[in-house]
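If you read the sequence shown in the numbering used here, its first letter stands for residue 6, the second for the next number, and so on.
Calculated directly from the structure, the hints in this document are not laboratory data.
Each residue gets a CB set at the ideal place from its N, CA and C atoms; glycine is no exception.
Among these hints, one or two may not hold up.
[As the list claims (entries may be wrong)] Think about it this way: if two alpha-carbon atoms lie no more than 20 Å apart in a straight line, the pair counts; the simulated SDA-like pairs of lysine to any residue are: (1) K98 / Q30; (2) K329 / Q30; (3) K313 / V241.
[What the hints assert, rightly or not] Label-pair ranges, simulated between beta-carbon atoms: (4) A662 / G886: 40 to 50 Å; (5) L490 / G316: 51 to 61 Å; (6) G227 / S319: 17 to 27 Å; (7) E585 / N790: 28 to 38 Å; (8) T496 / S666: 55 to 65 Å; (9) P402 / N275: 19 to 29 Å; (10) T525 / C503: 19 to 29 Å.
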Amino acid sequence: MDPVTAVGLASAIISFVPLGVKLLQSAREIRDSVDGSVEKNLTRKAIVDEMQALSRRLKSADQARVLPEQRGLYDLAIKCHQLSQKILDLLDKIRPKSKGSFVNYRSAYRAWSCESEMKNLEKQLNDCRSQLALGIVDLSSQDLAVYSKRILAMAQTDASRLEELQRHIETLRSGVQVEQIGTEAGTQLRRLLGLQDDALAAIYQNRILESIKFENMHERDGRVHYPHEKTFNWLVEDDETFENEATGMSKSETLDMHEMKSKSREIFMNWLSSSEGIFHISGKLGSGKSTLMKLLCTHGQTRLELEKWAGNRSLLITQFFFWKPGTEMQKSLDGLCRSLLYDILHAFPGLIKNVLPNIWKEFETSPWQIQTKLDLPIDVVKSALEQIIFNSESCAPRVCFCFFIDGIDEYDESHSRDHIYLVRVLRHWVKDSEGRLKMVVSSRDYNVFLNGFSADYRLQLHELTWFDMRQYVQDSLSHLPNSTLKEHLLTTIPRKACGIFLWITLVVNEIRKKFEDDVTQDQLLQLLDGVPPGLEALFEHILNRLDENSRRTTYQIMALLRTANDNYLTLSLMEFSFLEDYHRDSELSIRDDFMSRYATDSDVSRTPEIYGKRLRGCCGGLVECYPSKPNYYGPWGVLSFTHRSIPDMLERPKIKAEMQSYLKGFSSVDALSQLIFAAAQFMKKDKTEAKGSCAGVTWMRLEARIDKPPYRFLQRVSSWVGDPFDVKPEPSRLLLHQGIQVYANHGRQILVRYGAITRRETFSMLCQAALIGHLEYVEWSYRNNLRAIDKPWKRALVGNALLDTYLRVGLPIQSLSYFFKGPFLSLERTPFEANNLLSDGNPPATPPVGPRSSVACSYALSDEHTVWERFLVSCFLGWAGMAYPFHTDRFGLAVEHFLLHGAPSEFHIVIEPIHSPTQVTFHFPKPKIPLTVACENNRFTIEFLIENITGWNECDGKLSLSLLRWIRSVNPKNKAAITEILETAKECAPRSKELETAHLIADEIAPRVTEHTDMTRPSFYRHMLLCKVFPVLVMVLGLYVGWKSRDQRREYQKAEFALPCYG
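Construct the complete structure from the given sequences, taking the supplied hints into account.
And the structure:
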């Protein structure tokens, strides 16, 4: 049985015993009473129904899945089930079958005659209660940590199972008294009751870890090959095979090799077991630094030596490989901190609550079903990491760490955080760790690193690899039959490489390939003589040796790789296999007959083996195929540059100009789109697996604006993927609706505020276009696909996305005029409750959702609001310094347009500095309950607002800020125009009685103008007509109606007096 079912059995038994007692008591009531009370009969029926339901629960477990430690509990449940049937049979036998005193007497007699049977059943009930203690002991004797992990795994796929466990635990907690089951069982029960807390804690831990983690966090170190069998091993292993390795070398060379290896190994091994902090591995471009780092951080001997330093402390070894061609996270300090913190907390999850208490508290106070990531800023992540490293407040006293950080020269210098800053951070970590942290770093031989780290603990790799290069050449070319040629190559190739291992690899691969083509010895020697020294020269040499078609294909593949990297997408060998097809038909993936033409079972030519050979043949070894992670592409793998320096070389003027000439007329964006979509269809897998790449493709094309109406490619992808707004509600598809935040993980853009499906595979192309600011596509979709915005929440979702983009990007306000006039920015009220994007029914009473930002759940679960009201709230929060887009002048223009199109001006913000110093309350004209936003993590922001804004009105300890006062504080360029509109509205509209009686300063609160008015041609004079002329006309009309009513009443009275009287 799974943990939930096992605990459910225990709770069912707990519920069964008192229920059985109630039923037996009911039988005695039949014996002692002959009144046949209807009320008593209904009560008995309710108890019987409850017993029947409980009886089914007692028999629900599958015997085949019962573990040995659960056998006692299972047998007891079966016994209780059988006992429940006996009790129900007894009650059915003695209960009155019809109405009447005689029938009641007969039932009482039958109950009296069954007294001994009832006593026997009571005894069996007491036995069940006693045996329950043994069942609880058996159930709790197993590893509860394993149980918690199993429960966590179940909750991830089916949220209802944890809710079920919570109900069972509550039943156990309220239904068992320690004195009833004994001390030992009581102790075990308390452990069992902790399952719920353990499971929730595990869920919180997992959610926080997922929030820290970023996509492809260890992609770079995963792509680094392990070194050749005998390469670099001498640095951590004793050189016992010394004589064999020295074969073919002179005596002096052999001695030099032995001395070099021994000295280098002694320096490194002594450092590992010492208390010294940082070891630096320096080397030229392509000298094999990353390969060595991968060996060192995974080698068993490294751990053995580090454990001598660690002593009785727990040791964690983790690594991070900077990667310049990668994503922002893969080359930044934020990425470094996140990766290290994730690895530490994943290994020691008990530290999470201590080092991230505010984040933990936020998860505790939010519905646990929320499955979105929390946006953790770099300061929070870095602070948590340093708290662990420095052992602040003794959060991790018995743990020590060794970090392997590769390629620190590839760290992206930005925002005044250059390489000098990075060196200072790393040295600061080690110094203030008080002996808890060691670090191995690698870099190119730049002065900033040579000066920043001690030369006493450094290896100059390019000076030490000559013998390893020789060994690599010897093993790789051992199949050559000519010994003289082999010896020449053994000597010449390492010397010519100048310490650059990548140069060796590329040249040896070229020689091996030519040898398979049966070239002569002289041709091989000519090939080696023609290869220039240096990596850049070798790169040009390889390209020049390719024929025209291969060079064009190589440049196209490189352009596709760069486009894929820029858009967080992946280029696989599968997609490469469609490149030739794309040249024949540039719209192959959106053809109606694509599957019948390209995905037939009879096509055996499209295999990873065939296209792997074609890749190696056309690219000269500059692009390689690596296994894919996760294993979505199966045996096909993904493409990448052989070395991270190759993209840099493509920027050299000569190569860049040549590449552009070969790529003339080739669109890498369009080609990549077609290839990815073709592969997605060809794989014939579940579409949910392909939605991430499809979302990235559509985002890329919308951003590049390469499509024109009727947007055939985009519409085809949308049709194939399916409408995300029509998916069925599931626990894993919840909604958040607080604003818009764009995550660029493999191009999958998520709306995590203002309403969006949180699974990243699900996307809306209409929302993508709104987020990018592609207004032409949004307008075209509105005109040509009314179903895309056929519900208010859809229109509101797109409207909020447009406003967010307007604030972030700075679209001209005139470009939104169409949307102000249309339905997107209308003033209709839209509730963003859980799953209301997913079903047409009413939203649940208690939606299991909440925002993942510093703002509390009340915003997400609040009453329905208009796009205008949500815009005001998010802008105020952004203006207050929270993570929301805000721009003063853009905000002002948007407010003016909203007001001119009929938006109500009756809006104000309230803060209570004494009673609720961390809350901001927003008052709107329609919802009776104001919107309260808790800003626990932003208290300093509220204090700043109170101290620095002069527009607050004070009354009864509350501070109120009207829309007019707020606009004056923000001070946009169009402040005068907005002020005129608001003052006119305040002067013309009647006051709201509710606001007049509120505990606020009513003078500064502008009443609403209208609620749903849509002014096609907004004008100040319309306000005058509505607010001044129309009220006067109404008053005159009222006087006229009153005068006419008075005349009619007088005529009626005259007629009444004229009637005759009858006595």
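**Request:** Taking the numbered hints from earlier one at a time, note which ones the structure violates and give those numbers from smallest to largest.
**Result:** 2, 8
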